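Visitor: Each chain is listed here by its residues.
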Amino acid sequence: MTKHARYLKRDRFSPVTYALLAAALFLTFVVCLFIGRADISFRETVSILWNSLWGLAVESANHRNIILGVRMPGVLCVMLVGASLSLCGAAMQGLLRNPLADGSTMGVSSGAALGAVIAMATGFTLPGFAFGGVTVMAMAFAFGSLLLILLIAYSLDRSLSTNSIILIGVIFTMFISAVISIIITFASRHTQSLSFWTLGSFSGANYQHALLLLAALVICGGVILRFSAELNAFAIGEENARHIGVNVKRVKLIILIAVSVLIGICISVSGTIGFVGLVMPHIARMLVGPNHRRLLPASLFSGAIFLLWADLLSRRLLPVKLPIGVVTSIVGGIAFIIIFCRTGKTR
Amino acid sequence: MLQGNHITVRYGRFAAVNDLSFRLEEGQWLMLAGPNGAGKSTLIEAIAQGVPYSGSFLWQGRQDIRTLKPAQLARRIGILSQKNTVGYAYTVEEVVGLGRYAYKAGFLSGNDGGGQESVERALQMTGLTDLRRASMLTLSGGETQRVFLAQVFAQDPQVLILDEPVNHLDLKYQQHIFSLIQAWLMQPGRAVLSVVHDLSLARRYGTHAVLMDHGKCVSQGDAGSVLTPDHLRSVYGMDVHAWMRDMLSQWM
Numbered sequence: 000m001t002k003h004a005r006y007l008k009r010d011r012f013s014p015v016t017y018a019l020l021a022a023a024l025f026l027t028f029v030v031c032l033f034i035g036r037a038d039i040s041f042r043e044t045v046s047i048l049w050n051s052l053w054g055l056a057v058e059s060a061n062h063r064n065i066i067l068g069v070r071m072p073g074v075l076c077v078m079l080v081g082a083s084l085s086l087c088g089a090a091m092q093g094l095l096r097n098p099l100a101d102g103s104t105m106g107v108s109s110g111a112a113l114g115a116v117i118a119m120a121t122g123f124t125l126p127g128f129a130f131g132g133v134t135v136m137a138m139a140f141a142f143g144s145l146l147l148i149l150l151i152a153y154s155l156d157r158s159l160s161t162n163s164i165i166l167i168g169v170i171f172t173m174f175i176s177a178v179i180s181i182i183i184t185f186a187s188r189h190t191q192s193l194s195f196w197t198l199g200s201f202s203g204a205n206y207q208h209a210l211l212l213l214a215a216l217v218i219c220g221g222v223i224l225r226f227s228a229e230l231n232a233f234a235i236g237e238e239n240a241r242h243i244g245v246n247v248k249r250v251k252l253i254i255l256i257a258v259s260v261l262i263g264i265c266i267s268v269s270g271t272i273g274f275v276g277l278v279m280p281h282i283a284r285m286l287v288g289p290n291h292r293r294l295l296p297a298s299l300f301s302g303a304i305f306l307l308w309a310d311l312l313s314r315r316l317l318p319v320k321l322p323i324g325v326v327t328s329i330v331g332g333i334a335f336i337i338i339f340c341r342t343g344k345t346r
Numbered sequence: 000m001l002q003g004n005h006i007t008v009r010y011g012r013f014a015a016v017n018d019l020s021f022r023l024e025e026g027q028w029l030m031l032a033g034p035n036g037a038g039k040s041t042l043i044e045a046i047a048q049g050v051p052y053s054g055s056f057l058w059q060g061r062q063d064i065r066t067l068k069p070a071q072l073a074r075r076i077g078i079l080s081q082k083n084t085v086g087y088a089y090t091v092e093e094v095v096g097l098g099r100y101a102y103k104a105g106f107l108s109g110n111d112g113g114g115q116e117s118v119e120r121a122l123q124m125t126g127l128t129d130l131r132r133a134s135m136l137t138l139s140g141g142e143t144q145r146v147f148l149a150q151v152f153a154q155d156p157q158v159l160i161l162d163e164p165v166n167h168l169d170l171k172y173q174q175h176i177f178s179l180i181q182a183w184l185m186q187p188g189r190a191v192l193s194v195v196h197d198l199s200l201a202r203r204y205g206t207h208a209v210l211m212d213h214g215k216c217v218s219q220g221d222a223g224s225v226l227t228p229d230h231l232r233s234v235y236g237m238d239v240h241a242w243m244r245d246m247l248s249q250w251m
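These protein sequence lines map, in sequence, to chains A and B. Oh and the first sequence: position 50 is 49 in numbering that gives the first Met the number 0, straight run, nothing missing. Oh and the second sequence: position 151 is 150 in numbering that gives the first Met the number 0, straight run, nothing missing.
Everything labelled a hint here was simulated from the structure, so no lab data went into it. Be aware that one or more of the hints could be misleading.
[To be verified] For the chain A half of the interface with chain B, some residues (derived, Cβ under 8 Å), not all of them:
no., residue
1, Asn-50
2, Gly-54
3, Arg-96
4, Asn-162
5, Gly-221
6, Ile-243
A quick note: this is a predicted structure, and the numbers were derived from the prediction, not measured. Cβ coordinates follow ideal geometry from the N, Cα and C atoms, glycine included.
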């Protein structure tokens, strides 16, 4: 047993934590806009943002195009994907009462990736919306793989116990990775772009993507936040949740759908990015405790901040340009081991 | 208040509960007794709608509880499980507060009149007021069980169902909790159904009893007429009466 503080000094609501998180997010956001290949000073970045916000003229139209036309959509997408993945991870970890649960351990992410890869390799698109094919396929496959995993879990064990879902998710993920590798090998025309994409990339992000992500986060995230009390009950125990009057099956289904739609959309934009949804909720839990009323908003912030820094690291701060998924996996993997050694013993 | 009609629970071909009927009336404390594997806990899971069953449970003699929404059921029937563990560092107060969930469901803001008061009273009754800010991860098994008892008190049901409520508790809290439940039962419109292994406790506190064996009811009625040496001998396969006397003689 490691030592735990017996008494937890937790305020019901701590605006200070949120103010700090919001400030950190804003600062990170501006820094990410300012650092890039073209040399634009921090002051000019801020003044471009400020002037454009109020419709005033700016010194250099070229610089404005770089900030608002090139960097801004990418940074917005990174922020929204980070927030979404982290929120989904927090919701899964509460729902399944398992600190290892996440879209990637559940198999939802790899299912979405398979859908997106198939859409890209076959050139499947929706008329009028070039990107729609990938998004729709990723969402459909995310939801399909979720249904498949739940169906297998249900046939093994009627109570849909946590362990069987995670176990099937891990096996499913390995299987799907192999299928994706096969597709990438055979679709030789696209090998380069596809394999870069399976490691995560925001290089093609535009305002259309950002809008799509925002809409998804508002709708699905809103649904998840609405179920904070139910997530607390599930995190304490599913049997107890039923005893206090939670409609266990219905709530579980709604949350799983919201999570898979959100993950599917994220993956269609950015490719697979691991560890954000697994690690960031743990960091948030250290800051504000396990109560989902505070944990879910804190996870949104921490996920956004983390992914923005990871993106910056992958784009500019390292001597070579790495896919963002590689950076999150390395940083997140190490962070996870540290966190798990500190808190995992009494879990 | 609660009536079970021909309840059968099957796991594959094995019937854990086999055609069992019972009635629980206002003011009664009905003890479910019987050896391990008799189907007592399974019957409680069926009432909680946690396992599929055939037959029906009627509320107030007319409404099948299957037709109630989970929150409606939770306002009528509160259930304390045999074993509870908490995975994350919730505070005692947060866990007890969830007992009010059934009154908040459906409202966005969760405006629950008298909710905080019920939580306070439940904390006080179970002696947890000083531990309200303690992390669940630091509690002993007995303390954890008291937290969940407080949660079900805060839930304020009309029927309390307890699956071996004092399993992990030392004698002081066994006595404390049983007298708490007895006091709770004194209010009008309430009844208790509980599983206890300790037959002395069953006789001491139970007004009525159902003796089960292999999923079937062996005998039911007044606690005194059900928990007799003859019945117990046939169900437990030993002379329970002689054993109890032997135990008591250790103190003489």
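Visitor: Each hint should be assessed against the structure and marked as holding or not.
Guide: Evaluated hints:
Taking 8 Å as the C-beta cut-off, the interface hint given for Asn-50/A is violated, the closest approach to chain B being about 40 Å. At about 37 Å, the closest approach between the beta carbon of Gly-54/A and any beta carbon in chain B exceeds 8 Å, and the interface hint on this residue is violated. Satisfaction of the interface hint for Arg-96/A is found here, the shortest Cβ-Cβ separation to chain B being roughly 5 Å, below the 8 Å cut-off. Because the closest C-beta pair between Asn-162/A and chain B is about 13 Å apart, greater than 8 Å, the hint is violated.
For Gly-221/A, the suggested interface contact is broken, since its CB lies about 12 Å from the closest CB of chain B, more than 8 Å. Hint status for Ile-243/A relative to chain B: holds, with the closest Cβ pair at about 5 Å, below 8 Å.
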